[in-house]
Amino acid sequence: MQTDLIPAKVFCASHAIEQSFIQTLYESGLIEITFIEEDPFVPAAQLEQLERIVRMYFEMDINVEGIETIVHLLHRIQTMQQEMNVLKNRLRLYESGF
Amino acid sequence: MDFVDYYKILGVDKQASVEDIKKAYRKLARKLHPDLNPNDKEAHKKFQEVNEANEVLSDPEKRKKYDQYGKDWQHADQFEQAKQSRQQQPFSGSGSFGGNYGEEDFSDFFSSMFGGSGNRSQAKFKGQDYNAELQLSVKEAFTTHPKTLTVNGKNVRITIPAGVENGQVIKLKGYGAPGRNGGPAGDLFITFVISNDVKFKRMGNDLYSTEEIDLYTALLGGEKIIDTLSGKIRMEVKPEVQNGTKIRLKGKGYPVYKKEGEYGDLYVTWQVKLPTNLTEKQKEIFRELSAS
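Chain order of the listed sequences is A and B. Residues are numbered in our numbering as their position in the first sequence, beginning at 1, plus a constant of 2. Residues are numbered in our numbering as their position in the second sequence, beginning at 1, plus a constant of 5.
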C-alpha cells in the first residue's frame, strides 16, 4: 500500500545521507525498495533495518560487505535463539515428567 | 560515585589524538553496539560506558575539563566556580552514536562533571527501551485477547495473539521512554512466561494428554468423552486397544501464532486402568480366560 511507503529522498534528507547509498543497499539485497514512476520508496517495515544499516555504515564505519555479513549472522543468531527457545520449552516438558 | 577513567575505557593514553580516540571508539563500538548485540545486557552496559567516554574525549572542551578536574570530581563547588568564571560555550555534537541512549544512560560522574544534559549536544536521542514480563496460563494464551499492562505507571493496552510461546518476546514500538530533543520514544519488549494450568502438555502447536480407559472398554471397545482445550468431545475406542496407544486428533491442538484458524493437533494416549478389588466370581472368570 502506498501509505506504508516512505519516499527515499525524505528518508535520506532526514538522515543527511546520499540517495545513492539507498540504491547501493538495494543492489546488494540488504533492503527492498518500491519504485513508483521511477521514484524509489522505502517500505515502512524496512525502516528499522535501514536505520540500523545507516548506523553501522556511517557511525561504526562498517562497509557494505561487512554489513551484509553482519545482517546474515544476526539473522542466524535470531533463528538459533528461536530454536533454543523451542528446545528449552520441550526440555521443560520432559523435566516436568511428561 | 566513583571516578571514571575514560581513557582506560577506550584503551587509549592521555596523549591520544582525536583520530586515535575516534579509532578506538569505533573499534569498541563495532564490538559492543546494541545493533550488533541484540538482547545482550552486558554488551549494552559496556557500550554505554564507551559511548560516555567518547562523548567526553572526542569533544575538546569536555576533554579539557575532564583532564583538568576529572580526578577531583568531589570538589563540586570549586567546579561550579571555575565553570562560572569561564566563558560558557555550549558543547558541540561529538559525533557519538545516538542510538538508543538517553540521559539515564550516562553515569553520575558524567552528570557531576558536565551537568547532565544541559551542556550536551542537542542530538536527537531515542528513549530508553523497557522490558516487561507477562505471565499467562496455557488457557489464556489459547485465545487472542486484550490485556492491559502497567509499565512505569502507564497503562498499555495490547492484544495478545493466540498461540504465543513461553519465552517469546514481542516488541511494541514507541512504548518505551520518551525520546530526547525530539528523538523517537524507545520500545517496549514483552517476554511471555506461560505456566501450565491444564492437563495438556504443549509442544509447539501440538497438545498431548493422557486419558484413562477401563480394561473392558480397552478389550471390547466403546466410547470415551475426552477433554480438549475447546471443550469435551466423544471418541470411539476401538476393541483390543493396547495400553499406550496414541491417537491423533487433527486440528484440536494449540492455535498457530498469528495464523487465524490454523491449529496444531491433539495427541491422546490411552492408559488402560486395570480393575482392583475383584470379587471371587470375577477372579474365577479371569482364571477361566487365562486357562483358555
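Bear in mind the hints are in silico, worked out from the structure with no lab data behind them. Hints may be right or wrong, so weigh each one.
Stated by the list, open to error - Below, computed lysine-lysine pairings styled on DSSO-like, alpha-carbon distance capped at 27 Å:
1. K251(B) / K229(B)
2. K90(A) / K237(B)
3. K178(B) / K204(B)
4. K286(B) / K264(B)
5. K144(B) / K257(B)
6. K90(A) / K204(B)
7. K204(B) / K144(B)
8. K257(B) / K237(B)
9. K229(B) / K288(B)
10. K229(B) / K263(B)
11. K206(B) / K237(B)
12. K204(B) / K46(B)
13. K278(B) / K263(B)
14. K90(A) / K257(B)
15. K36(B) / K178(B)
16. K278(B) / K264(B)
17. K90(A) / K263(B)
18. K69(B) / K90(A)
19. K90(A) / K27(B)
20. K90(A) / K176(B)
21. K90(A) / K144(B)
22. K32(B) / K144(B)
23. K69(B) / K46(B)
24. K28(B) / K90(A)
25. K32(B) / K90(A)
26. K90(A) / K264(B)
27. K229(B) / K264(B)
28. K11(A) / K255(B)
K28(B) paired with K90(A) [C-alpha distance capped at 27 Å]
violated, 41 Å
With the threshold set at 27 Å, check whether the alpha-carbon distance from K90(A) to K176(B) stays at or below it.
The given pair, whose Cα atoms are some 21 Å apart, holds under the 27 Å limit.
27 Å Cα cutoff - pair K229(B), K263(B):
Cα-Cα ~33 Å, so violated.
Is the straight-line distance between the alpha-carbon of K278(B) and that of K263(B) 27 Å or less?
Cα-Cα ~40 Å, so violated.
Against the 27 Å threshold, does the CA-CA distance of K90(A) and K237(B) hold or violate the hint?
Since the Cα atoms of K90(A) and K237(B) sit roughly 30 Å apart, the hinted pair is violated (cutoff 27 Å).
Given hint K237(B) paired with K257(B) - CA-CA distance at most 27 Å:
Given that 27 Å is the threshold and the Cα spacing comes to 11 Å, the pair holds.
Keeping to a limit of 27 Å between CA atoms, is the pair of K90(A) and K263(B) held or broken?
Holds: K90(A) and K263(B) sit about 22 Å apart, inside 27 Å.
Need the status of pair K286(B), K264(B): alpha-carbon distance at most 27 Å?
violated, 57 Å
Proposed proximity, K255(B) with K11(A) (alpha carbon, max 27 Å)
Cα-Cα ~51 Å, so violated.
Given the proposed pairing of K144(B) with K257(B), does the C-alpha separation stay at or below 27 Å?
holds, 14 Å
Within a Cα-Cα threshold of 27 Å, do K90(A) and K144(B) meet the stated pairing?
Status holds; Cα separation ~20 Å.
Between the alpha carbons of K206(B) and K237(B), is the straight-line distance 27 Å or under?
Holds: K206(B) and K237(B) sit about 17 Å apart, inside 27 Å.
This entry does not satisfy hints 2, 3, 4, 10, 12, 13, 16, 18, 19, 22, 23, 24, 25, 27 and 28, going by the numbered hints stated previously.
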